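Participant: Given the sequences, and given the hints that come with them, work out the whole structure.
Below are the chains, spelled out letter by letter.
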Amino acid sequence: MNSKISLSNTCRYEGCTVTGALAVTAFVPDGISIVHGPSGCTQHNVSLLHSTLMQHEKPSIPRIMTTALGEREIIFGGESALEKAIGIALERSPHAIFVISTCVAGTIGDDINAVCAPERDVPVIPIDCAGFLNGGFRQGFVSALIGLSTLIGPCAPGGDAGVNIIGERNLEVDAEQNFAEVERILASLDIPVNVRYVRNAATADMKRFGNAGLNLFREDPGGLLSRFFAQNFSLPAICGYPTGPQAALDLISRLGAIYKTDCREALREEEAAWEALADDFSDLRGLAVSLAPDPSPADGRAARDFTEYFGIALSRNAPAVPWSDPVGIGGARRLLRQWRRRAHGY
Amino acid sequence: MKQIALYGKGGIGKSTTSANLSAALSDTGLDIMQIGCDPKHDSTRMLMHGTWIPTVLDLVRTRQESEISVSDVVHTGYNGIRCVEAGGPEPGIGCAGRGIIATFQLLERLGALYGDVILYDVLGDVVCGGFAMPMREGYAQEVYLVTSGDLMSLYAANNICKAIQRLSRRTRTTCLLGGVICNSANITDEKDLVATFARRIGSRLITFIPRDRIVRVAEVNRQTVIEYAPDSPQSDIYRSLAEAVYTNDMLTIPTPMETDELEDLALEYV
Ligand SMILES: Nc1ncnc2c1ncn2[C@@H]1O[C@H](COP(=O)(O)OP(=O)(O)O)[C@@H](O)[C@H]1O
Ligand SMILES: [Mg+2]
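Protein chains in written order, with the numbering used here: chain A, 1 to 346; chain B, 1001 to 1270.
In case anyone wonders, no lab produced these hints; they're calculated from the structure. Just so it is clear, the structure is predicted and the values come from calculations on it, not from any experiment. There could be a bad hint or two in this list.
To be verified - Taking lysine to any residue and the SDA-like style, the derived pairs with C-alpha atoms no more than 25 Å apart in a straight line are:
| hint | chain 1 | residue 1 | chain 2 | residue 2 |
| --- | --- | --- | --- | --- |
| 1 | A | Lys-84 | B | Pro-1091 |
| 2 | A | Lys-84 | B | Gln-1064 |
| 3 | B | Lys-1040 | A | Thr-107 |
| 4 | A | Lys-84 | B | Pro-1089 |
| 5 | B | Lys-1040 | A | Arg-72 |
Facilitator: Rendered as structure tokens:
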């Protein structure tokens, strides 16, 4: 039973479950997402996606439909409205259809799995997003990543076509820059990216998922994602983008071990790059700051290592600077620039 | 205007009792309306001489609301009684409770709720908020529980008491328990048992209705007992029920029994 009192639980991952699912499905360019609920659920989410994507360099307008449930569908059931919407979606020739249920569809007990089940020209994938079932944004996000795994083709054992990047935070402004950081590290070991699961990946791309030699998860707080992919696709896994120099070096070492390549050169280059960054920001040495928002316990260690490396002291009463687990050198540079502006006013 | 609701376990005899009660009240010259609030939609069938009238939700399903008029939903039956059936979704899909709410809102907007007595015949396992709608402000002020001496039907009646009690805590609710109607299942000492139950929940037995073959005979003739056999003893019973309900001024907030208390009570009468 969900006994949460909502106000004390409003943090970034406890938003709408539907938003979480759309943060995945809307990034499949040849797919259509159907939100099975009142039109407001769709309107609200589409406008949020729209305003978020406007901040990105190349905004693309994802295809999202609503089944527009009204009182009539609530009383008599919304399954035929969903069937109709799937029919309309099929006419637009997508390569996959994602059916995202909402609170109200869950309340009246519409069986979206049954409606999606019949064989059609393209996969129709149900994603249960009744938010009242204890889930929020993160739950919808994870459910969508798991649901879309039916698009993945059979695994080629011993594949080494590169690394799958799983669960990028698509709504984040820095998503592309963060990815570039990881891609840079992989390139230093001559490892290519295989599939970005799911960021602007067409359904055909996802078929290649199984050719990879490793799954790299953007993050996996509850371990739910890595467990699922471990059970279903026997690929080695690494969880979390690297924050700070030590995490970056660790990542290189682990990649070296998994891909059985000599990583000493890459480690040296990475170390040198971080030292250069520290030089660039030597004016911040001796500064005392507090972090806002407070890093989560999991991030706490990374935050301490990070500030220590740059000779910055953490002190509860010092002026607050933003903290957002910066990814790699690029993320560190952007964050340190913000801190410099706070500290010196330029 | 007096608005009353009959609640009770499925198959216990709510519709039979409601229709005969409406018929008996209407015979005294009162203007009566009966609203069936059960997806089974057979509440008013005997008043309509066996005709299945279109339900409100059938109309809601097939038409725009602006195209629905009073004459589409309200049908005149025995002695001018205005009959309405809420209806419901197909079994196993949708939300019947929301259907009851929608029905009430539509009747309200159409201005169809009027008369000397409005009688709501409601499905008795109060499964969700929608089926408590007739008890809300502006609708029934009196609830009558229809039960036999069978434990399961007492159990259902007791649950309805819980709903009444809960609603009575709301400042603007005016719905109270009017009493218990025993529709006999030919159980030994049934009248005593149900009377005791009624006392224990802080109410009283209004009428004991015997089980009588004439009910089924009238039914196959598509009539209420009042219409089919006005001179039968069973009709006298329904008329005395009508009198008791119409003049009833003993309304209480019930005190539902604990389940084991209820079981103990039933055990005493086995
Ligand atoms: N007092 C009675 N004597 C004989 N049969 C009865 C009596 N009351 C109800 N019945 C029969 O019981 C059946 C169910 O009654 P009904 O009124 O439809 O129950 P409900 O509306 O509670 O589901 C009907 O077939 C009816 O003929
Ligand atoms: Mg009935």
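Participant: Evaluate each hint against the coordinates.
Facilitator: Now the hints, each set against the structure:
no.: 1; hint: Lys-84(A) / Pro-1091(B); result: 21 Å, holds
no.: 2; hint: Lys-84(A) / Gln-1064(B); result: 19 Å, holds
no.: 3; hint: Lys-1040(B) / Thr-107(A); result: 22 Å, holds
no.: 4; hint: Lys-84(A) / Pro-1089(B); result: 19 Å, holds
no.: 5; hint: Lys-1040(B) / Arg-72(A); result: 19 Å, holds
This entry satisfies every hint, going by the numbered hints stated previously.
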